[in-house]
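Engineer: When the sequence shown is numbered by the working numbering, its final residue is 83 and no position is left out of the sequence of numbers.
Everything labelled a hint here was simulated from the structure, so no lab data went into it.
Here the structure is a predicted model, which means the values were calculated and not measured.
Incorrect hints may appear among the rest.
[Claimed, not checked] Below 20 Å or equal to it, Euclidean Cα-Cα: the simulated EDC-like pairs (lysine to aspartate or glutamate) are:
(1) Lys-41 / Glu-61
(2) Lys-78 / Glu-61
(3) Lys-11 / Asp-52
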Amino acid sequence: MARVVVDVMLKPEILDPQGQAVQRALPRLGFDGIADVRQGKRFELEVEGPVDDAALARIRELAQTFLANTVIEDFAVKVEEKQ
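Using the sequences provided together with the hints, build the complete structure.
Structural biologist: Here's what the structure looks like:
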C-alpha cells in the first residue's frame, strides 16, 4: 500500500479568519516572529496497488470534485513514503 496526501488550502486571495485568529494569538502565547498563518486540510489516502499516473489522475479528480471547493481552495497531491 502507498500513501497519497492531498493538501487543501484556501486560495491566497481568500480571507482566512481562522488563520488570522491563530496568528494574532501566537505572540500572547510567547511565539514571536510568525508573520502569517493559513489554515488548511490534509487528507491521507491509503492506496491499494501501485500509484501510477492513472491512479494519481483519479486521485486528482477525487480531490477536485470532492475534497476541495475549487472556487475558493487549491489542492496539491503527492505520494508520501509510509513510515
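Engineer: Broken hints, numbered, in rising order?
Structural biologist: Per hint list: single violation, 3.
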